[in-house]
Structures are given as structure tokens and as C-alpha cells.
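Novice: The whole structure should be built from the sequences, with the hints applied where relevant.
Protein chains: 2
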Amino acid sequence: MLENKNPSKTSISSLGEFALIDHLTKAFNLTQKSSVLGIGDDAAILDLSQGKTVVSTDLLIEGVHFDLSYMPLKHLGYKAVMVNLSDIYAMNAQPTQITISLAVSNRFTLEALDELYAGILLGCKNHKVDLVGGDTSSSTSGLTLSVTAIGNVKEEKISRRSGAKENDLLVVSGDLGGAYSGLQILEREKAVFKVNPNNQPDLSNYAYSIERQLKPEARKDVIELLKELDVTPSSMIDISDGLSSEILHLSKASQVGFHLFEEKLPIDHEVIKICEEFKLNTTTAVLNGGEDYELLFTVAQKEFDKIKNHPLLSIIGHACDLGGGCQLINGLGQQIELTAQGWQSFDEA
Amino acid sequence: MLENKNPSKTSISSLGEFALIDHLTKAFNLTQKSSVLGIGDDAAILDLSQGKTVVSTDLLIEGVHFDLSYMPLKHLGYKAVMVNLSDIYAMNAQPTQITISLAVSNRFTLEALDELYAGILLGCKNHKVDLVGGDTSSSTSGLTLSVTAIGNVKEEKISRRSGAKENDLLVVSGDLGGAYSGLQILEREKAVFKVNPNNQPDLSNYAYSIERQLKPEARKDVIELLKELDVTPSSMIDISDGLSSEILHLSKASQVGFHLFEEKLPIDHEVIKICEEFKLNTTTAVLNGGEDYELLFTVAQKEFDKIKNHPLLSIIGHACDLGGGCQLINGLGQQIELTAQGWQSFDEA
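For the protein sequence lines, the chains are B and A, in the order given.
When we follow the working numbering, the leftmost residue of the first sequence carries the number 1, and every step to the right adds one.
When we follow the working numbering, the leftmost residue of the second sequence carries the number 1, and every step to the right adds one.
In case anyone wonders, no lab produced these hints; they're calculated from the structure.
Just so you know, not all the hints are guaranteed correct.
Stated by the list, open to error - The calculated DMTMM-like cross-link candidates involving lysine to aspartate or glutamate, where the alpha carbons are at most 25 Å apart (straight line), are:
| # | chain 1 | residue 1 | chain 2 | residue 2 |
| --- | --- | --- | --- | --- |
| 1 | B | LYS33 | A | ASP268 |
| 2 | B | LYS128 | A | ASP47 |
| 3 | A | LYS154 | B | ASP305 |
Unchecked claim - Below, a sample of chain A positions facing chain B; criterion: calculated Cβ distance under 8 Å:
| # | residue |
| --- | --- |
| 4 | GLN32 |
| 5 | ALA44 |
| 6 | ILE45 |
| 7 | LEU48 |
| 8 | ILE329 |
| 9 | LEU332 |
To be verified - Here are some of the chain A residues that sit facing chain B, going by a computed Cβ distance under 8 Å:
| # | residue |
| --- | --- |
| 10 | GLY38 |
| 11 | GLY63 |
| 12 | ASP67 |
| 13 | ASP87 |
| 14 | GLY133 |
| 15 | SER138 |
| 16 | GLU217 |
In this text, a Cβ means the ideal position worked out from N, Cα and C, and glycines have one as well.
Specialist: Next comes the structure, spelled out in C-alpha cells:
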């Protein structure tokens, strides 16, 4: 798909670095008032004089964070943007600009990179974010994407990881475990495909989970909802590594413990079905499966009436004394201590 | 050197991602008033309410931008910071923060990464820049570094690429061709080493050029000098790809041509000697060899008295009508059109 065996495809070496950047970025317009100058100089120029600025950066590496055998390049571009915007939303901020750096080997054609940038453009448009800079390089192996996102927030609205107080409610957006379940399906189909390339899998029963894995959406809507409801989370984090790991981050930064109620965990019925099929414990998938990019946050108890029964939000527990640690409480009232078993990038594999 | 065959070395997989980030960044303190919160949340928090903000990003990839067989990791860390700060200075701005993302394979030990971060720390300290964020990941092959730099500048002091006017003087800092000459020496010694690993080369005659390649310095001093002299360049760019390529960038962005005088090019005597040794044309090395990280800028003629005869600065030409193109004028008065033959990242190799 990627390799330039088709003479109608364009080798990127035929363009040179600067023409390639011009080509890939010509569809991107500046829309933010704070974007003074975008791509084309040594640096972008921004006017960030209003409020506070938040900055986050992420790497996505082929063979570590994504597998191009089932990840379409357009989805990858979209996901790369979402992963970073999710970090900006997790500060209760509005993303305004991104930079994208890209390293590719010559096996990628210009048309392949166009697909990637179509996804990046869609992500920028959907979230009203300007692409203002980047770097493009060859790579000796595979595709590497590095995204830096910049956002804006009024000082009094910032939600750090460190602000949770005892008795605060623990809330999560959307539902959990979908991205992990989708990954199980995709890995299985990849293995089947290797044995029988003519197999035409029917994946329609897994559409939701596969989309959660391949095309996650950063929760702009949740940040807008919180603004509408006039709720500022006392602490917030996005779920990239798994619920367990993120709760432990909030606990460490805020110096509180948490009680998490198993029966309150929001799980889509498709995720439950996939877990049954793979003989996985659903709660384990939710606690340790990452990449859902939902928002996990705490709010003071007095905000309960504002957030209760909202379809986007689930109250899954509350903060307690640090000495109690972080405990999952199951249907029988048993406490199980949470441990971080999320995705470990440095496992010896 | 890098591989963990020594039991006294620590495998990075023994730490996990978060402990690794803590370990590598614990020596970095925040020093900038604009750094509100550094590493440890979903995003850094910055107060960029004064002046304008400039942002630039660069990728450095093993096997493309550096060769660890002669690049010590500490130097690599330093250079990664310099390459990015150079872009900030090229806007006539002061760098204030950086983020660093790092992908490494398991062949790197913790001690190797400590060396890398020692270089990053030194770069941050020398330029009074705060490390405020990053990402750390495993890689399937080699080392990738992605740096984003943020800087601050008053609007009226910004030097874009696009501001050069006809008759402006063309000025370059320092001297040129050193990094390219140093690379020739290092590549030759690497080839010799492959044949005879016991060879002990005497590189003392090439010390300046090798340092220019391995440990370039972003020209903070030049930006400070321009401020002292009360000179704001009408346009500016840093020399990463070679003088020729950068002049063509200024020409395109500013819609002017340039006359460049061969005999005015500042070249260290060591570079001339190395070019003789390698039978290279010195002017070609200066025009097309990259990575000097000097600043190339234009100033109005009325500033001549302020900058003339300054040891850090050389007036090498002037801007002219766009129709005349960009011409090198040699000692015989012959004109040779400049072409971009700088480092091409996407050459088929």
C-alpha cells in the first residue's frame, strides 16, 4: 500500500524537503486570533497575551504506538492530533495551535503522506486548531510523528492533577475499555490475515471498539459541557494509559486516596461482548487498557446536582484519605488495591 | 558503549516510563518567570502574556542527523537544544522554554540517557531555558529526539525572513564551513577505524572544525550584541542547511535578490586547510555545507556604522532587485547564480 511500486505514485525524494512541506501544509489556514505567523519562518509567531498558555507534546512511533497493517494513514494523522489535544483539554484549556514533526522512510509515497495530512487537517478543523510549524525528515526505518499542542485557559479555570481534595467526586466521561477491546480484534484479524490473506472478516459487530482504537476523539464536548454547567474540576487527567494508572497519578499529585466502585464503571455492551469472546475480565480491561482518551476528573461534592445523570458523565468514586490508598470496591464490598498495569512503553519485549 | 553488557549499567526497562522521566528531569529547575508549571501534568502551564511568543520544533534522528559512532551522547543532547534555540534567536527572540521528546531502543542504558540529559541540562543552563515537558517512548530502532522551543520577543523587534529590502546589507555572524569540514574529518576517521580499530588518530589539528560539528553553539551572543548596538535586522534566518539555501529562503520570503561577495566570506584557516586536504572547493563547502548555526541577516544601510568592523559580524553582500536573482560574485567579478545544494534529507541514498 505504501511502497512506490505503482508508477502513478510520487516518490517523496522527487520533491525535496521544502517543497514537501509546502505541499503537505498548503490546505491548512490560520484561524486563531493568536496565530500571528504560521509555517514558513524559523519559528511561528503567536500572541498568547490573554490568559495562561498550556503546552504538551507526544511522540507516536511505528511499531510501538501504531501498526500500519491495520491503521489507515488518515486515521493515524487524526489520532496523532487527538492524543495531543486530549492533554490540552485535560488542563481544562482550549487548544489553539499545534506543530507536527514527521520522519518517514522512502517507502512512503507522497500520496501516503497526503492521506496522513488529510487526517491531521480534519483533526485541526474539527477542533479549530492551527497548524503553525513542524519539521520533516527522512527516517532509516518507519514513521515517527511528534506533535506539540498549545492551548489557552484562564488561570482560575486550570485543572491540574494536583487539586483533588478528600471527599471530591471522581468522574469519568464517556465509556472505557473500548480502545483496548478494539485492539484485541485488530490484532486477531491481523493474525488471521497472515494465515489466510483472502479471508474477508466481518467486523461490523465490533465497529464501535475498532473506531475507539483507530479514531479516538479528544473530548472537546466535555470541556464545553463543564463550562456550560459552570463546573471547574478540582483535578483532571486524560486516560491514555488506563484508568488505574491515571487514578494513581491523581492520587500522587493531589495526596489523596480514591475509592472506585466497580459497578459504576461505564462500559459499552460491545466491550463486554468482546471481553467474553477473548475470555478477558471486563474490569481488568477497563482498569489497564489504555487509549480511551476520556477525561477523568474530580469535582467538589457541592457540584453533584450539576453533573448527576448527565449522559456524558459517570460518577465512579470519590477521593478519600491518602492513607487508605486507591481501592477498587467490587459488588461484594471487597476492596482491591489499584496498581498501575497500563501500557508500559519500556517492557522488554 | 551503549549496550547493556556491563552488569553495573542499568537497563531502562527496570524503571518504567514515569520513573524514567522523573529520573532524567530531576536536575532541571524552572528559572523563567513565565514557567508556571513544568513537567508532571498533562501539559506545562506558561504565562506568555508579555510580548509575542515564538515556537519552533525540530527532529533529530539517528542515522539521518547524527552518528553515535563519533557523536558523544552529551554532545548530542547539547546540540539538540542548540539546533532549536538557534531558530528562536533567528526570530531575534529570547528562548524561554523547551520540551524534549525521546524515543530509545533498549540498547540504551540509563547511564547513556543520563549522559544525553547532562548535555540537554548544560544547554538549558547556558541559555537560561526551562525544560517544561516531553514524552519518553521506546523505539524499534535507534534514537529519536524531538525538541520544541518557545521564546519571547517584543513585536517591534521580530526579525522575519520576509523583511529584507533592496540595498539592505547582508550580514553573517561567526565563520562558515566549519561544521561541514568537521564532518569530513569524522567520517574519514570512522572509515579508518573500521579498517584498523587500533589506530589512534591525532585530531588536534582539526579541533575547531570537529567542535563546530559536534558541539555547535546557538548565537545568543549575537542577539545580545544586536540589542546593545540597537540594531533590529530587517530579516534573519539561521544557517542550518548551508549559506546558499538560506540566502534563497530570504530572497523568496522578502522578494529581493542578493549579491554575495566570495572574498567577504568568513572562513577559519583550519577550514581552508581541511578543504585543501580533501580537495574540496572552500567556497562550495561554505555555500552548501550546513549545520554552522550562525545567523544570517539583513540590516538597513544606515546601520552600517554600528556593525562595521565588529569581530562577530561580517558584511558579505547586499540585497538587490529580485530580477537579478541571487548571485555569488567572485574575485574576478564573475557572477555565479546560487542554487540550493544544502543537505537534502530526502535524497535517495
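Novice: If a hint holds in the structure, say so; if it doesn't, say that too.
Specialist: Hints versus structure:
| no. | hint | verdict |
| --- | --- | --- |
| 1 | LYS33/B x ASP268/A | violated, 46 Å |
| 2 | LYS128/B x ASP47/A | holds, 22 Å |
| 3 | LYS154/A x ASP305/B | violated, 47 Å |
| 4 | GLN32 | violated, 13 Å |
| 5 | ALA44 | holds, 5 Å |
| 6 | ILE45 | holds, 6 Å |
| 7 | LEU48 | holds, 4 Å |
| 8 | ILE329 | violated, 25 Å |
| 9 | LEU332 | violated, 31 Å |
| 10 | GLY38 | violated, 10 Å |
| 11 | GLY63 | holds, 4 Å |
| 12 | ASP67 | violated, 11 Å |
| 13 | ASP87 | holds, 4 Å |
| 14 | GLY133 | holds, 6 Å |
| 15 | SER138 | holds, 5 Å |
| 16 | GLU217 | violated, 17 Å |
Hints 1, 3, 4, 8, 9, 10, 12, 16, counting from the list given before, are not met by this structure.
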